[in-house]
Amino acid sequence: MHRTGDLYGHFQTLEQQKETAALGMWIFLVTEVLFFGGLFLTYTINRHTFSTAFGIGSNTLDIKLGAGNTVVLIMSSLTMAMAVWSAQVGKKKLVSIFLIATLALGTVFLGVKAIEYKQKFDHHLVPGLSFDMKYHPTHPMPGDDLTELALEKEEVDKAFAQDPDINAHGQLYFSLYFGMTGLHALHMIIGAGLLIWLIRGSFRGRFTPQYNTPVEIVGLYWHFVDIVWIYLFPLLYLIDRHR
Amino acid sequence: MNNTPPAPDNELPDTHYLNATYGSGIRSWLLTTDHKRIALLYLASVTVFFFIGGVLATMIRIHLLTPTGALVTPETYNKLFTMHGVAMIFFFLIPSIPAVLGNFLIPLMIGAKDLAFPKVNLLSWYIYILGGSFVLYSFGTGGLDTGWTFYTPLSSVYSNSAVTPAVIGIFINGFSSILTGLNFIVTIHTMRAPGMTWFRLPLFAWAHYATSLVMILGTPVIAITLLLVGLERIFHLGFFNPALGGDPILFQHLFWFYSHPAVYIMILPAMGVVSEIIPTFARKPIFGYAFIAGSSIAIAVIGFLVWAHHMFVTGESTYAALTFSFLSYLVAIPSAIKVFNWTSTLYKGSISWDPPMIYALGFIGLFVIGGLTGLFLACLGLDIHIHDTYFVVAHFHYIMVGGAVMGYVGGLHFWWPKITGRLYPESLSRAAAVVLFIGFNLTFFPQFILGYLGMPRRYHTYPPEFQVLNVLSTAGASILALGYLLPMAYLTWSMRYGKVAGQNPWPATGLEWKTDSPPPTENFHVTPEVTWEPYDFENRPDLGLAAGARPLAPAHGDD
Amino acid sequence: MSKHIVSPLVYIVIFVSLMLGTAITIWAAFQNFGKFNIVIALAIATIKATLVVLYFMHARYSPKRTQLVIVCSVFWLAIMLALTLADYDTRPREGRLASANTCYHV
Amino acid sequence: MQSQLPIYPEQASNFAPQVDALMLFITAICVFFAAAITAVIVIFFFKFHRKQPNDVGIAFDGDARLEAAWIIVPLILAMAMFGWGAVVYVDYRHTPQDTLDVYVIAKQWMWKAQQPNGVKEINELHVPVGRNVRLVLASEDVIHDFFVPAFRVKMDVVPGHYNTMWFRPTKPGRYHFFCSQYCGTNHALMAGWVTVMEPSDYAAWLSGSSGGNANPVVAGEKLFAEKACITCHVPDGTGRSPSLNGVYGAQVLLADGSTVTADDAYIRESILQPNAKIVARYLPLMPSFQGQLTEEQILALIAYIKSLQSLPVPAKGAGIAPPTGNK
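Chains A, B, C and D supply the protein sequences, listed in that same order. So the first sequence is numbered by my numbering: it starts at 0 and just counts up by one. So the second sequence is numbered by my numbering: it starts at 69 and just counts up by one. So the third sequence is numbered by my numbering: it starts at 20 and just counts up by one. So the fourth sequence is numbered by my numbering: it starts at 17 and just counts up by one.
Chain A with its partners taken away, still in its complex shape (with noise of 0.2 Å):
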């Protein structure tokens, strides 16, 4: 394609351009709420089922390191929303410094998620064949706070003599929430090229109140992962926390 500026050959003006690539992240956009939308009816039959199973597999997640990424995932969104307003009004080192911002903050939250699964691989909560959701309550780890240990081994002795399967079905919770939260995080990484695409941009001041249709689109791209995990946090994290 021909290009002349920042306009493609085959458009006729800049506003146009824009629309035209807004409109095409909104309906990526869509098929991304139904691709997870899926994962999110089977989670619901699931949990509908093995309510018992997804309440302890839940317990088992450290909430202070899921709120703790909710806060930064959110605040990593109005950085990524400073950015957007930075580049429309063309306060250009700005734009650099919110995208930055908004990348550290992103990779903050995969680093806590990385935490997060060594873990669960240390607990034997990975599915696969060394699963065992009796393991870590008889097998406590360095700094665990045995209190809550004996509590979790109390809870999964009483289901485990009503359920016999219940490290299949727990392993359902686990393969969902592996499966979901590994979904986005791949959206995040992938959220994070295009974040690194964009801070090289925003160095040689490519973003101007005229044009800055990629800092918005991504924008765009990153709030949507973002609200993704605004309901995964919930789903996952706080199911059975009143016990």
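Honestly, the hints are just simulated from the structure, not real lab data. For clarity, every value in this text was computed on a predicted model and none was experimentally measured. All clues given are correct.
Here are the simulated lysine to any residue pairs, SDA-like style, with alpha carbons at most 25 Å apart:
hint, chain 1, residue 1, chain 2, residue 2
1, A, LYS17, B, GLU590
2, D, LYS63, B, ALA614
3, A, LYS63, C, ILE57
4, B, LYS416, D, PRO69
5, B, LYS187, A, GLY4
6, A, LYS157, D, GLN306
7, B, LYS187, A, THR3
8, A, LYS90, C, VAL32
9, D, LYS63, B, TRP421
10, B, LYS582, D, ASP71
11, A, LYS90, C, ARG79
12, A, LYS91, C, TYR30
13, C, LYS54, D, TYR298
14, C, LYS54, D, ASP272
Okay, the calculated bits of chain C under chain A, using three or more residues with CB under 8 Å as the criterion:
hint, region
15, 67-73
16, 84-98
If you anchor each label on the Cβ, the simulated ranges turn out as follows:
hint, chain 1, residue 1, chain 2, residue 2, range
17, D, ARG109, C, PHE55, 28 to 38 Å
18, D, LEU91, B, GLY263, 33 to 43 Å
19, C, ALA97, D, MET126, 39 to 49 Å
For every residue, glycine included, the Cβ atom is placed at its ideal position computed from N, Cα and C.
On the provided structure of chain A, position chains B, C and D as indicated by the hints.
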């Protein structure tokens, strides 16, 4: 109006999208962002899959000649019909009209230089190729024997065939479909030429808009569902495996949420093709433009509300079954609207017997049977008996092959002069259309009776009382095969030896006919401006027809 | 797309509301509201998501077309969830081996 | 090969005439429309054939009344089809009370049927003519489907679910049944014969072939003792768990205040997931028997519990809802 002088009648324009120099040789095809070249890339690749699917179908029909099935083992037979279904549905029917004709024509029809996202368009072809490679890898290494429906837990636990690469391939291919749909919707919204209002859009574009809605809203669900099946196989998870607490019925809900609307991905574009051909060869405005356009959207929307009619005998709740049956009947209405409007358009037309018209009328005949037999299957009391029998097989082949493929081949005939700049042998192609129609009916009509008699589908062997009808069906299939091979042969021949077509050989009213054949890379030498209503032959002196047989009447009271 | 530029002040207000919503969600999760726990959690999440869409994503200031796109996505998601759950919820007896009415909390 | 070419299968159940009438009704409407449209197209095709190469057709406006007509008329016909179909369907789903229950278990690639008295058959099913027969369908592996064309009945056999179907054979004879949900390699071989017999023949057949087959009620009673069910489920209602006398088919009051009918699926669930539904005033003490019982053993237990149906219900210690309660 087009400002360039038309090329002389007996030669192609000097430069067009096929010979334009942007790069050299194969690179100029593999790295092209020109929607017309991408359409041809798709044409070549879907033809490969059509050929694979066709060979498999032939083997199935030969095998079923005798009750005991002499040709292949049960395992092989199961692989044959599974691979036939996967190749035909996911890699031929779904991309066929949208990705080939839609890709080529939508920018031309709305007066744009290209689709909104040309690079995304190329990307979607590469995704298709990648997905297709996975599926071919699966075919080549152990095959696939789950049925194209991938019902769990058969697919996720019990099947020993190469299910994992196949579901990954279909998962990947889903994104090709999504990106194509996205591109079309955005293009139709933002790239229309001056004067091209929504109600001046060709019905082909309306149909593709509706198709794209289904693509972007349904495809993500099948993608995630098959991804879960793949994960289930690889990591032994239990989403849909009852032994591990999962629910196979949930899989069916998710699967049909896409796969029922997917039928509309196949048939809506074919309806769009027919809506173009009928007015062109009856030389008059289409009857009830707004109703045809609206019914496309209605089909796309209501089509999403009917999926569980595939599950009437799974133990679905009675209330859900009643709801889904009721909604299934509603989706019949927009299809009826289209058929009645097409038929009315013929009234007092000036009907030519050009090949595309034969295909289009054949489409109506087959689609009517396919659509009406849908009423049998939507009927709760009747579906219990005919569900999963050859009645269903016949029904969906009438829709998908009689409808979608007939539309696709008809569309190819209609726009072939635009795509290649050349005409094909007329009488031969007219004969091919008739052969196709007869062969098709012979192949699939007996299967309705087989189904009502109780022959279940996917049987490698059957009780002897079903043999007569199976033999008839196989005999028809050999005629049908001829009906497909003929066009393949003469269309290929015409690319080099066909008569030069000129800008507008039929003539037709659409914008795509107001540029060179084949069109230049940028589609139009000057951005066109639309000042006429769709399918209006009377106020178009540029078409060189006998104008104004009677005082001009507004073509559409409703726009 | 929109010529409208949202002021940073609005962003800050939204951010604070989102933080507040998160806090309420966590608080509510530790209270026993019976079957309303999930309802409350989803209601707050939906409010938060709506705020993000309307302000961070500028949907409030976007053309009607964009708003229609958003409504469509929610509508289709609702179709998928509602019609599937309608089947599950109206089965006379859910044939599955377990059911939602566990007495786990008794 | 048959000498003549039939177009519908034999009518051998109560549903067959209903379904065939429905088929005829819809076929008549569809043939009418298909023929009419085809005829009109063919007539127009020849009548309005282009005379001169540059002729133009005569344009005319769309007609809202015409459009309305061909929306409303098909809609009415479609609703008639829907309504009639729904009536037949409700009949399919509404199992009568007085059924002869046969358990059918599907596995790759065979059918096992078990008569009420324990006679087992493989890929065969014997039923008496004129009796309402209910099949309880269970699968051991993948989804199968039990289909008898002559009866016009079909139901999926889904692992993890119990599906039931019913019919009343009306004509003695031997009829094909098929597996009609694709289930793997030998799907097409998973077929057999239903034999419909005169009631006296059926009775003779049952007694003649019962040798060697354990009666499921007896087997269930034995299991009930072996698995120590009886230590809690004391018949006189003094145990830690409710008495099971008369529970089958009755309304059970649950801890959450709701009631549930004690049918096969409920009993199955109570064995495998005891705490899914706790009977009012009882504690969730029962261990799960998931993985410890085969499908056949579960069916035997259900048969045994069913045999307790007629025994006196103790005044205290049963889970049955009071008869005054909401049904």
